Amino acid sequence: MRAPAGLISAVVAIVIWQAATTIWPLANSSVPTATATLARLWEMLFMSETWASIWLTVQMALLGFLIALAIAIPFGVLIGLSRFALISTKFTFDFFKVIPPIVIIPITILVFGPTQQMGVFLVVFALVFALAIQTAYGVRDTDPVLIETMKCYGLGRTRQVLYARLPAAAPFIAVGIRISVSAAMIVAVVAGLVGGAPGLGRDLLLSQTSGENAQTFAIVLILGILGLAISRLVVLIQRRVIFWSPS
Amino acid sequence: MTTAIAINHVSMEYKTPKATTHVLENVSYEVQDGHFVSIVGPSGVGKTTLIRLLTGLAKPTAGEILIRGKRIEDAPEGLAVVLQDYTRSLMPWLTVEKNIALPLRNQPLNKAERKQRITESLVEVGLEGSESKYPWQLSGGMQQRVSIARALAVRPNLLVMDEPFASVDAQTRFDLEDLVLKVRDDFGITTLMVTHDIDEAVYLSDEIVVLYGKPAAVRDIVKIDIPFPRSQMTTRNDHRFADLRTHVYGMVRGLE
Chain A
1135 MRAPAGLISA VVAIVIWQAA TTIWPLANSS VPTATATLAR LWEMLFMSET
1185 WASIWLTVQM ALLGFLIALA IAIPFGVLIG LSRFALISTK FTFDFFKVIP
1235 PIVIIPITIL VFGPTQQMGV FLVVFALVFA LAIQTAYGVR DTDPVLIETM
1285 KCYGLGRTRQ VLYARLPAAA PFIAVGIRIS VSAAMIVAVV AGLVGGAPGL
1335 GRDLLLSQTS GENAQTFAIV LILGILGLAI SRLVVLIQRR VIFWSPS
Chain B
16 MTTAIAINHV SMEYKTPKAT THVLENVSYE VQDGHFVSIV GPSGVGKTTL
66 IRLLTGLAKP TAGEILIRGK RIEDAPEGLA VVLQDYTRSL MPWLTVEKNI
116 ALPLRNQPLN KAERKQRITE SLVEVGLEGS ESKYPWQLSG GMQQRVSIAR
166 ALAVRPNLLV MDEPFASVDA QTRFDLEDLV LKVRDDFGIT TLMVTHDIDE
216 AVYLSDEIVV LYGKPAAVRD IVKIDIPFPR SQMTTRNDHR FADLRTHVYG
266 MVRGLE
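Protein sequence lines correspond, in order, to chains A and B. Our numbering applies: residue 1135 is where the first sequence begins, and numbers increase by one. Our numbering applies: residue 16 is where the second sequence begins, and numbers increase by one.
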C-alpha cells in the first residue's frame, strides 16, 4: 500500500509544480516547468556525462563512508571498552561532530585542490566522529550479564568484543550508518558545489551559473532519487544483517 | 567424601566514596563433592555476592575460597554457570548450537568432538534438533534449557546457578527442577544454587545454607534427609518435606 501512496503524492506534487509554473504564481519566472525539467531529465539519462557525474559523486560518498567506517568502528570499540576513555573523548568528539564540513572546505582546497580526494576527505571528516561515538555507546551498552557469563566461562576480551560487544553495538552502528549515508551524499554534493570537486555538485553549480534552469532542477531531481534509493538499500541490508533486533 | 568448595572465613565489603557496605561477614562453609547445595536467605542478603565470589567475578575482602584446593583466580576451571535471566545470558545473534559452542572454544576439541558435545548436551536437556534455532524462537523454559545445555557441554565438575528458575512459569519450573536432578545423577556434578524459593531448595538439595543478617553470616546448615530419587508428586507431600521447609522458612524470615 505504501508504494502507490508515495506515487500518488509524487504525482500530486508534480501537478502542483506544473500549475504553479504555468498559471500562478511562478508563471514566466526563472523556475522551470515540471514538464521542461522532466524532459531535460529524460535527455540527460541518455548522456554518458550524467552517469559519469553520478558515479563520481556516489564514489566520493561511498569511499568516504567506507573509510570513515573503517576508522570509526575499531576506534569506537576501543573507546567503548573503557568508561574513562569514553568520558574523556566525548567532549572532543562532540566538538568535531558539530563542525559543519563546509567550513573546512577552504583548508581542504589548500591541501587537496578541487579534487575527488578533497571530497572524500570531507565525507570522512563529516562522518567519522559521529560513527565512532555511536559505536562506543553501543559497545558500552552491551548487557553486563552477557559479559559476566562470558567471563565465568573464561572467554577473554577479544572474544567478548567479537561475540558480544560488536553484535550488541550493531543496532547503534546501524543508526549511525543510516544517518551517515545520507550525510555522505550531501557532503559529496557540497564538496562539488562549494569546493569544485567533480560530480553532480559541480554540475549543479555550472548549470546554475550558465542559466540552464531546467538542467539545474533536473540534477536536483537526480539527487533526490539517488538519496532515496540509497537509504532504502541501507534499510534493506540492515534488516538482513541485524535480524535479531526489531526495526 | 572430598571437599569440592571450601569457603574459608570470607568477608566482603563494597566501598563507595560515601559509604562502605559490609555484605558478608566471616562466612565459612564446605561443599562436599557431588552434593547439591542451595543457598537461601532474605532478599538482599548477599546471595548474589557469594555467586560473584565463587565465579571469580569479584574477590573477597577477607578470607579465601578454594575450589578443589585451588584459590579462585578469574574464571575457575571446570565451572559452569546458569543465570536467572536467560534472555540476557544467551546471545540473540547466535544459534542455539553456536551459543553452546562458545565456551567450548577454550577446550582442546576438534570440530567433530565439539559437535558431539553439543548434540549430547541438547539431548540431555530434551532439546535435540534445536541446533539451528535462535534463542528468541524458543519459549522461556526452553531457553533456560539451552543455558543448562551450554553449562553441561563444558563437562563441568562444578555447576553454579543463580536463581535459575525464577523467570519461568510454575510447571516449567517443576520440569526444570527434575531436569537438574537428572543431570546431577547422570554426571555427578557438584551443584551450588542460589534461590529465594524455599520449597525448591528443600526439594533439590542435600544441604541448605541459610544466610542471615546484615552483614550476612551463615545462620544454619540444614541437612535435607529426604531420600533420592525425589518426585514432585510424593516428595512435596512428605511430612518431612513440610517440617524442613517450615524450619528453613522460619530462619529466613528471622522467626526462629
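Hint data in this document are derived by calculation from the structure and do not stem from the laboratory. Careful: at least some of the hints might be erroneous.
One side only, chain A facing chain B, incomplete, derived with CB under 8 Å [stated by the list, open to error]:
# : residue
1 : Glu-1177
2 : Asp-1277
3 : Leu-1280
4 : Thr-1283
5 : Tyr-1297
6 : Ala-1298
Predicted model, so just to flag it, every value in this text is computed and none were measured. The C-beta atom is built at its ideal place from N, Cα and C for all residues, glycine as well.
Quick check on A/Leu-1280 please, does its C-beta sit within 8 Å of some C-beta on chain B? At 6 Å from the nearest chain B Cβ, A/Leu-1280 passes the 8 Å test, so the hint holds.
Measuring from the C-beta of A/Thr-1283 to each C-beta in chain B, is the shortest one below 8 Å? holds, 4 Å
Minimum Cβ distance from A/Tyr-1297 to chain B below 8 Å? Result: holds, 6 Å to nearest chain B Cβ.
Using 8 Å as the Cβ threshold, decide whether A/Glu-1177 counts as touching chain B. With a minimum Cβ separation of about 49 Å from chain B (threshold 8 Å), the hint on A/Glu-1177 is violated.
Min Cβ distance, A/Ala-1298 to chain B: is it shorter than 8 Å? holds, 7 Å
A/Asp-1277 was flagged as interface toward chain B. Is the shortest Cβ-Cβ separation under 8 Å? Constraint on A/Asp-1277 satisfied, holds at 5 Å.
Consistency note: the structure conflicts with earlier hint 1 alone.
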